[in-house]
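Chains H and S supply the protein sequences, listed in that same order. Numbering-wise (the working numbering), the first sequence opens with residue 23 and increments by one. Numbering-wise (the working numbering), the second sequence opens with residue 47 and increments by one.
Where hints are given, some of them may not hold.
Unchecked claim - With a straight-line cut-off of 30 Å between C-alpha atoms, the simulated DSS-like cross-links for lysine-lysine are:
#1 H:Lys-201 / H:Lys-167
#2 S:Lys-64 / H:Lys-206
#3 S:Lys-64 / H:Lys-201
Don't read these hints as lab results, they were simulated from the structure.
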Amino acid sequence: MKVAFLGATAGMGRALSRKMASRGDILFLLGLDPEDLARSAADLGTDGARPAGVAVLDLADPSSFAGALERAEAALGGLDAVVCTAGMFATQEALEADPALAERVLHVDFTGTVLFCEEARKRLLARGGGTLCVFSSVAGERGRKPVALYGAAKAGLTRYLEALDHKHRAEGLRVVTVKPGFVKTGMTAGLAPPPFAGEPDEVAARVLRAIDRGSPVVYAPAAWGPIMAVIRSLPRAVMRRVSF
Amino acid sequence: MNDTLSGWGRLPVPGREKLSENLERLTEGAVLCRGLGRSYGDSALPPAGHPEVVTTTLADRLLGLDTQTGLLRAEAGVSIAQLNERLLPRGWFVPVTPGTQFVTLGGAVAADVHGKNHHVDGCFGEHVQRLRMRLADGRIVNAEPDGENADLFWATVGGMGLTGHVLDVELRMRRVRSPWIHQETRRVDDIDEYIDALKDAAQKWPFTVGWIDCLSRGKSLGRGILMAGDWADPETAPARYPKPFPKITMPFELPSWVLGRASVKAFNFGFYYKHLPRKMEGITHWQSFFYPLDMVRHWNRMYGPRGFTQYQCVLPDEAGRGAARRVLELLSRRGGASFLCVIKDCGPENRGLLSFPRKGISIALDIAVRDDTQALVDALNEQVIAEGGRIYLAKDSFTRPDHFRAMESARLERFREARAKWDPEGRIRSAQSVRLLGDRP
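Can you build the whole structure from these sequences, using the hints too?
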């Protein structure tokens with residue numbers, strides 16, 4: 023599979039890109055920092071398929087999207103899938119305290135990511151379809167106190183991805199929305215892990231299966247599926263009282 | 047949040063970990079780095095005045111393997127377990143491994159770890175070609191054994207993380223003939239015979255180690271099992287790749303009385319007499335040969351709520367043939383029950399200013415913490431000082447600073463000079479350096 027991968031340098035993206043490279047998928051890495059991209063490319067190349075190249079892409083800057091994906095497609099000599107694990111996270115307290123940070127997180131996690139998907143969608147459809155796998159979050163499932171702002175961006179992203187799947191599946195575009203729960207990565211370092219906190223590796227294994235099957239929605243780790251089903255069904259009166 | 051940290055011996059201090067994939071940014075202004083927390087004592091624990099340590103484990107990328115020379119460049123948080131998982135299937139193994147694979151490369155450099163091949167291959171640091179380090183003043187520099195910043199290199203190898211933060215490590219990996227081990231084990235009747243057998247096996251085998259029963263007294267003091275091995279020839283090894291072992295976890299801590307004298311005695315008795323034939327030989331799994339204890343995750347919970355310490359010392363050859371017996375007799379006299387007692391001969395000392403091994407015999411004892419543990423460690427240290435030996439900082443939580451100075455006077459002076467040069471403000475420090483080197487808390 024020829025894959026343009028945004029976010030392979032850290033966390034779940036690092037784990038997923040390793041699994042893909044080690045089974046022979048050819049990746050092209052997109053990300054913020056060229057040095058960091060080079061390190062991840064070297065890591066993947068050490069015991070898996072060497073990535074076809076790297077290019078700088080900033081989710082906050084939509085003008086960088088087309089050029090970077092163009093380079094990916096050219097270097098890969100085709101494009102079967104686009105994966106986006108990148109995003110920003112900050113705690114509700116930090117976001118409330120810093121409107122500029124809130125603006126950036128909302129912009130990156132919603133506007134930036136959606137516009138990136140638009141660019142990816144166009145390219146995949148032009149080639150007759152493919153897979154677009156994007157990491158949203160369980161934070162977007164319900165309006166919850168600790169993730170009011172971050173969750174709002176992810177909720178919007180989830181809805182967009184759902185519509186994209188409805189709109190284009192018949193044309194061969196398979197949209198896979200990943201909803202991770204709490205996963206122990208650098209992004210969540212410093213937060214107390216709740217019960218059922220997952221490891222990036224187990225998330226990666228689940229996501230890879232979902233990509234291969236074209237499953238439209240995947241919760242990872244698996245336990246978060248039933249947990250979120252319960253949370254989605256709680257009445258507002260209960261949600262107002264609970265702290266999660 | 048859980049605001050304590052402990053070493054593998056489970057003696058907690060106030061502390062918290064700071065993690066990120068970006069080790070370069072994370073180490074700016076850091077006081078101490080910590081890897082997988084397998085050092086037993088307080089060497090990876092923060093000083094009281096600065097309870098935050100940088101944990102390196104998310105910096106786990108391999109940055110390139112030269113398949114001609116075996117030269118591997120990797121980030122400091124990569125563990126030997128990850129290398130085994132990723133590179134052993136392709137025929138590469140670390141040049142030196144300690145008895146657990148759950149150590150990071152940064153930790154392996156800091157403790158200058160040694161393994162079953164010390165008598166032929168020396169310590170981990172001797173196979174490192176370059177370190178990329180963040181210094182206390184924020185600069186990032188390279189250090190090489192014979193080139194750039196060689197003094198920093200040899201202060202860092204075995205320097206317990208006190209000279210700067212290791213970011214990347216370049217080391218020479220080894221090609222192995224097969225992923226299986228050809229092993230020979232022998233039953234030996236007492237400590238003196240055991241040590242002769244160990245030195246004898248060292249002539250023939252690249253990997254040797256042994257377990258002894260340090261509860262039996264008198265004539266059979268130190269009877270034990272000597273293990274020797276080498277990578278198996280492809281002709282004699284199974285054609286398949288060894289399956290990874292299932293993960294067993296010690297789910298909770300055992301009450302302290304479980305590992306009492308009687309149970310340890312029973313275990314040792316069984317272990318010894320299981321080995322009925324004097325000599326056994328065969329092909330074995332690399333995990334059971336190198337990492338028998340790794341098979342049980344959290345095995346340190348076995349020692350109960352008070353935790354445990356490991357006492358490891360090396361007795362130089364000059365101390366003579368009876369030195370190991372004298373240490374074991376002291377332990378036996380004081381009623382110290384050690385579940386595990388591992389004895390290994392060491393090759394020559396290297397250039398690491400505080401690297402542990404030197405030509406002689408290394409003894410490692412696991413000791414459950416009791417009211418008299420401090421007194422027991424003091425007595426053992428006095429004996430080791432009398433024999434001209436030294437202790438291994440990666441295991442230690444109880445040694446007194448004056449005992450440590452008595453063991454290390456000349457080397458310690460040079461180490462202090464190196465730290466004064468590379469960290470003049472004394473920013474980088476650990477709970478251990480506060481205890482043993484008099485750093486500010």
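Hint check:
About 18 Å separates the Cα atoms of Lys-201 (chain H) and Lys-167 (chain H), which keeps this hinted pair within 30 Å; it holds. Restraint check: the Cα-Cα separation between Lys-64 (chain S) and Lys-206 (chain H) comes to about 13 Å, which is no more than 30 Å; the hinted pair holds. The hinted pair formed by Lys-64 (chain S) and Lys-201 (chain H) meets the criterion: a straight-line CA distance of about 26 Å does not exceed 30 Å.
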